[in-house]
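Colleague: Sequence:
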Amino acid sequence: MDQAQVQQLIQQALSDQEQRFSITLAELRAELSSIKTDIINGFLSRQPHESTPKAKLPDVEKFDGTLAMWEVWYPEVQAKLRIDNNVLGGSEEAKFWYTYGRLDKKVRSLVAPQLSVAERSKSYRCQDLFEQLARLCENPNAKRDAEDKLGSLRQFPDQSFNFFLGIFERHLYKAEAQNWSDDAKVALLRRQLNDKMKRRLRTQITIPSTYTEFVKILQQLDDGDSHGYSSSQQTYHKPTKAGDPMDIGRIGINSILARHEELEDSEYSESE
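The opening position of the sequence shown corresponds to residue 1 in the working numbering, with each subsequent residue numbered one higher.
Since the hints were derived computationally from the structure, they do not count as laboratory data. For each residue, glycine too, the CB sits at the ideal point set by N, CA and C. Careful: at least some of the hints might be erroneous.
The calculated EDC-like cross-link candidates involving lysine to aspartate or glutamate, where the alpha carbons are at most 20 Å apart (straight line), are [said to hold, decoys possible]:
#1 149 / 71
#2 62 / 76
#3 216 / 169
#4 149 / 128
#5 216 / 195
#6 105 / 119
#7 105 / 128
#8 174 / 195
#9 106 / 158
#10 143 / 131
#11 149 / 176
#12 105 / 148
#13 62 / 104
#14 106 / 145
#15 105 / 64
#16 106 / 64
#17 174 / 119
#18 54 / 76
#19 54 / 92
#20 174 / 158
#21 106 / 148
#22 62 / 147
#23 143 / 71
#24 174 / 76
#25 196 / 158
#26 198 / 182
#27 198 / 176
#28 122 / 169
Here are the simulated distance ranges between beta carbons [stated by the list, open to error]:
#29 182 / 148: 20 to 26 Å
#30 131 / 39: 50 to 56 Å
#31 158 / 136: 26 to 32 Å
#32 110 / 217: 35 to 41 Å
#33 106 / 131: 16 to 22 Å
#34 105 / 181: 56 to 62 Å
#35 139 / 55: 31 to 37 Å
#36 128 / 72: 18 to 24 Å
#37 169 / 56: 24 to 30 Å
#38 221 / 75: 33 to 39 Å
#39 204 / 85: 48 to 54 Å
Build out the structure end to end from the sequences listed, making use of the hints.
Modeller: Listed below in structure tokens is the structure:
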């Protein structure tokens with residue numbers, strides 16, 4: 001082998017080595033770039049993204065199947081689906097499954113057949129769920145019944161005005177009477193006051209014509225020493241049939257609201 005051939009072999013070997021080195025260097029650079037990208041993405045994933053939608057409303061409580069909760073749950077879940085539509089996924093199917101997830105276990109069993117139909121047909125409509133639940137929970141005569149109860153309410157002789165006001169306004173809205181004229185609401189509330197509040201009201205030189213101002217006057221006239229919820233004494237006494245009060249204890253507005261539905265049929269309606 002002459003010198004020219006040896007040089008050619010050496011040159012070829014160097015060229016091959018250089019090529020392999022270039023390939024290795026490129027692979028290392030690619031790997032380094034990949035590692036750098038992973039690090040950056042990992043860092044960014046821990047940072048808040050302005051483009052990521054955030055829920056504006058909290059999750060709705062699970063519906064337990066009661067009428068009292070339906071009146072609150074239905075508008076709340078409707079608002080959640082509307083306002084946080086993008087957060088929930090935006091699709092009708094996503095909203096369907098969210099709604100289903102906000103049902104108590106026993107309520108889910110009621111809509112299970114509809115769920116099977118939705119799965120087979122791949123047609124997910126929240127409105128179908130709502131309509132079925134409404135048929136099971138809503139009273140078709142609710143407005144009429146609320147009107148009857150609103151008209152028959154009477155304040156107990158020993159009951160604070162604020163406690164009675166909570167009951168009055170509950171039925172006012174259930175009867176869809178909140179948009180009545182101020183004169184009509186004032187006249188109705190005035191007629192339902194107990195004798196003590198009526199006597200105190202007669203001491204007023206002028207009686208406000210607006211419902212809001214009329215309520216403020218009554219709150220000022222209420223001395224707060226009556227049984228029931230009041231600003232100074234948060235105690236509720238439930239009169240027994242024998243007339244002796246039974247002290248239920250110190251309660252707040254949540255307890256009062258919880259008792260309204262229980263007591264409205266028997267104690268806050270005019271005796272027949």
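Colleague: For every hint, state whether the structure bears it out.
Modeller: Evaluated hints:
| no. | hint | result |
| --- | --- | --- |
| 1 | 149 / 71 | 17 Å, holds |
| 2 | 62 / 76 | 11 Å, holds |
| 3 | 216 / 169 | 14 Å, holds |
| 4 | 149 / 128 | 32 Å, violated |
| 5 | 216 / 195 | 18 Å, holds |
| 6 | 105 / 119 | 19 Å, holds |
| 7 | 105 / 128 | 18 Å, holds |
| 8 | 174 / 195 | 26 Å, violated |
| 9 | 106 / 158 | 41 Å, violated |
| 10 | 143 / 131 | 18 Å, holds |
| 11 | 149 / 176 | 13 Å, holds |
| 12 | 105 / 148 | 35 Å, violated |
| 13 | 62 / 104 | 5 Å, holds |
| 14 | 106 / 145 | 28 Å, violated |
| 15 | 105 / 64 | 8 Å, holds |
| 16 | 106 / 64 | 8 Å, holds |
| 17 | 174 / 119 | 37 Å, violated |
| 18 | 54 / 76 | 18 Å, holds |
| 19 | 54 / 92 | 19 Å, holds |
| 20 | 174 / 158 | 26 Å, violated |
| 21 | 106 / 148 | 32 Å, violated |
| 22 | 62 / 147 | 30 Å, violated |
| 23 | 143 / 71 | 13 Å, holds |
| 24 | 174 / 76 | 17 Å, holds |
| 25 | 196 / 158 | 9 Å, holds |
| 26 | 198 / 182 | 19 Å, holds |
| 27 | 198 / 176 | 26 Å, violated |
| 28 | 122 / 169 | 44 Å, violated |
| 29 | 182 / 148: 20 to 26 Å | 22 Å, holds |
| 30 | 131 / 39: 50 to 56 Å | 52 Å, holds |
| 31 | 158 / 136: 26 to 32 Å | 39 Å, violated |
| 32 | 110 / 217: 35 to 41 Å | 48 Å, violated |
| 33 | 106 / 131: 16 to 22 Å | 19 Å, holds |
| 34 | 105 / 181: 56 to 62 Å | 46 Å, violated |
| 35 | 139 / 55: 31 to 37 Å | 32 Å, holds |
| 36 | 128 / 72: 18 to 24 Å | 21 Å, holds |
| 37 | 169 / 56: 24 to 30 Å | 28 Å, holds |
| 38 | 221 / 75: 33 to 39 Å | 35 Å, holds |
| 39 | 204 / 85: 48 to 54 Å | 51 Å, holds |
The structure is inconsistent with the numbered hints 4, 8, 9, 12, 14, 17, 20, 21, 22, 27, 28, 31, 32 and 34, although it conforms to all the rest.
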